[in-house]
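In the order they appear, the protein sequences are chains Z and H. Using our numbering, you'd call the opening residue of the first sequence number 50 and step up by one each time. Using our numbering, you'd call the opening residue of the second sequence number 303 and step up by one each time.
Any given hint could turn out to be false.
Said to hold, decoys possible - Across the chosen pairs, the derived CB separations fall in these ranges:
| # | chain 1 | residue 1 | chain 2 | residue 2 | range |
| --- | --- | --- | --- | --- | --- |
| 1 | H | W517 | Z | M289 | 57 to 63 Å |
| 2 | Z | H548 | H | G342 | 30 to 36 Å |
| 3 | H | T443 | Z | M289 | 52 to 58 Å |
| 4 | H | A346 | Z | Y367 | 26 to 32 Å |
| 5 | Z | T536 | H | F333 | 31 to 37 Å |
| 6 | Z | V208 | H | Q365 | 57 to 63 Å |
| 7 | H | W517 | Z | W507 | 56 to 62 Å |
| 8 | Z | Y367 | H | M303 | 33 to 39 Å |
| 9 | Z | V208 | H | Y307 | 37 to 43 Å |
| 10 | Z | M393 | H | Y307 | 26 to 32 Å |
| 11 | H | Y307 | Z | L426 | 33 to 39 Å |
| 12 | Z | G130 | H | M323 | 36 to 42 Å |
| 13 | Z | G130 | H | Y307 | 24 to 30 Å |
Honestly, the hints are just simulated from the structure, not real lab data. Every residue, glycine too, gets a C-beta built ideally from N, C-alpha and C.
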Amino acid sequence: MAQPAEEHGHSHDEHGAHDGHEHAHGDAHAHGHHEEGFIKKYLWSVDHKMIAKQYMFTGMAMGLIGGFFSYCFRMQMAYPGHNVPGYGVVSPNEYNSLVTNHGTIMIFWLAMPVLIAAFGNFLIPLMLGCDDMVFPRINRLSYQIFLLSALVLIVSWFVPGGGFGGAWTAYPPLSAKAQYNLTPLGSTLWVCAVALEFVAFLLGGINFVTTAMNSRAPGMKMFDMPIVIWMIVLASVLFMGSVGPLVAGAVMLVFDQTLGTGFFDPVRGGDPILWQHLFWFFGHPEVYVVLLPALGIVAEIMTVFSRKKLFAYRTVLYTAFGTTIISFFVWAHHQFVAGIDPRMANVFTATTVLISIPIAEMMFVYIATLYGGSIRLTTPMLWALGFIAEFLIGGVTGIFLGSSGSDIYFHDTYFVLAHFHYTFVPIAVISVFAGFTYWFPKMFGKMMNETLGKIHFWGTIIPFNGVFIPLFVTGMGGDHRRIYSYTNFPELNTPALNHMREFATISLLVLLAFQVVFFANLFISLWKGKPAGNNPWHANTLEWQTVSPPPHGNFAEMPTCYRGPYEYSVPGREEDFWPQSDAS
Amino acid sequence: MIERYIEQVSTYAADIDGLIMLIAVIVGFWFVLAETVFFGLIIAFREKKGVKAQYITGEEKHQKRWIGIPHELVLACDVLIIIAAVRVWVNVKQTIPPAQETVRIIGQQWAWSFVHPGPDGKLDTADDIKTVDELHVKVNTTYHFKLEARDVLHSFSVPVFRLKQDAIPGRVITGWFNAKKTGMHDIQCAEICGIGHGLMPGRIVIQTPEEYNAWQAAQAATASK
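Sequences are here, hints too, so could you generate the full structure?
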């Protein structure tokens, strides 16, 4: 493995804070015989597992902030103008900023870091049977830039004028001119934060792709890689392929904001619609950037807990390739009524509706995998199955929006909002909990509490539906998005619609309250969970064939791969699993 | 389905609701089927003592059929949906019937301005009637609207018409509608346009030709004073 010498032979004994400053200034000179200091171990680490945890917990912390924002604006929706406990009265500009930053956080600072960066970093070297990422220092830089981007975003909420409130899509001219958005600093910092976040993920993606291509254990062919690795690699490629135009757009937007250029200003020959094309050329593939890793996580968990081989491994891959390619040709379905040439809508309707083919096929494959299984409803399995059950709702409701004719009505209503929350919540919340509870024993060497895990599962999944099913209905009734208060609209300010808004908000409160169970479980399990052993789930993939948690370098003896990842319940074998590294 | 929640007031509202209904039936069928099979399998194949899971690769022809056949059926449904969607789209957005009346609609932070033709029946003449946040139209009349924006993007949305169109600074976008019932309904801005986005409610007033003419005369009289 291509690794600098500093990677090897570090002891992972207890740290001492006094070592910290000794190493902080120049780890390139550090030698293997030192104990690692606090800073070196936790903040300046090049170990992929530590970087994974950094991404995981930074993402979760940002997710908590995003959750708090949703609490604030949902309270405003249910009880307009009332004091929100823990926040105060939400003003219209604060409302816009809360909504904008909720969306921004949940996609860029929760879904991406946790699904791609955290699971990608943790799993790729372990599942491929190598000792670390190919470029560990680029990996460290990736997290540091990501952390910086998060700090820039947080700062943007506290500058004069407040945080940016022009929606996560940041359409100009609103986003481009301070005289329109009234957040001169907030909007520029917001764009900078997003651009920095992209840099972090480009660096991470280089590592993921290179490591998967070059550092697989001897014997592991491409089609022996676990699906989740494939999915993270594909997501990285998709991200790299789509983000370029948006980075260019972001630079133009910052220039429009700060230097007075007019790229998006019609008065000076610019075009606001240009931004929409650049944004959605990235923005729609981005959905699949986070969806694919989520599907990968679900595949790992479903095979292990149904003790089944994945149904048609190669079909899953081909559908993922298909999705990746088609996703580059659907972006303008976000712009049907945006003022594009109406004839163009017909093309994008066709491509968008057709993307249902690979996605539907993938869903069929996952469901077929259950057939003939021996299904164990552990907490990770409940989350994985919950993903399929809920994501199906997100999938089928998307058809209404991809069809131009019906999108005329649904565009920018709460129907859209409910639809994409039925995709993004399964992605960024349900699959994350699935992966976290599944790999927790490997990450920390302890088992999580199953009872608390199941309480948390049901306490999340039931109110989740309670939040968004009513919002489908208010959307059908004509509720538009990002409206501060419906009290000014006689047709929308009806008791029936108000009750639904209130029901959604109360469901959200229940959902948020149950997250306490998760954190309680997390800390109790870290503190006194049962020791996990190497392979508590009897899984095949390589990460389970080393100790928990794996040491620096991952494997005492580097593994050789003899077979695919899903050889469960093979006839003629006594055990119902057959590790990839098992020579017999 | 939609008409249960909100009235159909334009001539094309029923077409759009019909398309939504068609999609609902098709995807509803697949959704119910998929969830039924899914939960059925979970129940049928719960872990049983001494029973090992089956070894199924899914790579063989007779197994792949379980994916292949639904796959082709989904494709057929997709084609049906695309055709239906394009038909409605072409009817509402792509082909514009000849105008009987024309109004100008201007979005700005944070109000809607409307320019109605005066008694001479023409826009951009001295007797134009300008209003803020209230658009007056005649029932059963094909209107063209000329949609503009002064500052940022706005979106002109009349839910009872099932009509929505973004307004873009620097452009004039032409669209149409024909209201088939009299009454008063909400106009919303459907594109975030800054702090007052949620606070720019408009109203559309659909009147009989007699009522409309009376309103027009009253406006013209006030203007000439």
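Results of checking the hints against the structure:
1. W517(H) / M289(Z): 57 to 63 Å: 59 Å, holds
2. H548(Z) / G342(H): 30 to 36 Å: 34 Å, holds
3. T443(H) / M289(Z): 52 to 58 Å: The hinted range 52 to 58 Å holds for T443(H) and M289(Z), with Cβ atoms some 53 Å apart.
4. A346(H) / Y367(Z): 26 to 32 Å: 28 Å, holds
5. T536(Z) / F333(H): 31 to 37 Å: 35 Å, holds
6. V208(Z) / Q365(H): 57 to 63 Å: Taking Cβ atoms as reference, V208(Z) and Q365(H) lie about 59 Å apart, which means the hint holds.
7. W517(H) / W507(Z): 56 to 62 Å: 58 Å, holds
8. Y367(Z) / M303(H): 33 to 39 Å: 35 Å, holds
9. V208(Z) / Y307(H): 37 to 43 Å: Holds, since V208(Z) and Y307(H) (Cβ atoms, about 42 Å apart) stay within the stated range.
10. M393(Z) / Y307(H): 26 to 32 Å: Since the Cβ atoms of M393(Z) and Y307(H) sit about 30 Å apart, the hinted range of 26 to 32 Å holds.
11. Y307(H) / L426(Z): 33 to 39 Å: 37 Å, holds
12. G130(Z) / M323(H): 36 to 42 Å: 37 Å, holds
13. G130(Z) / Y307(H): 24 to 30 Å: Cβ of G130(Z) to Cβ of Y307(H): about 25 Å, so the range 24 to 30 Å holds.
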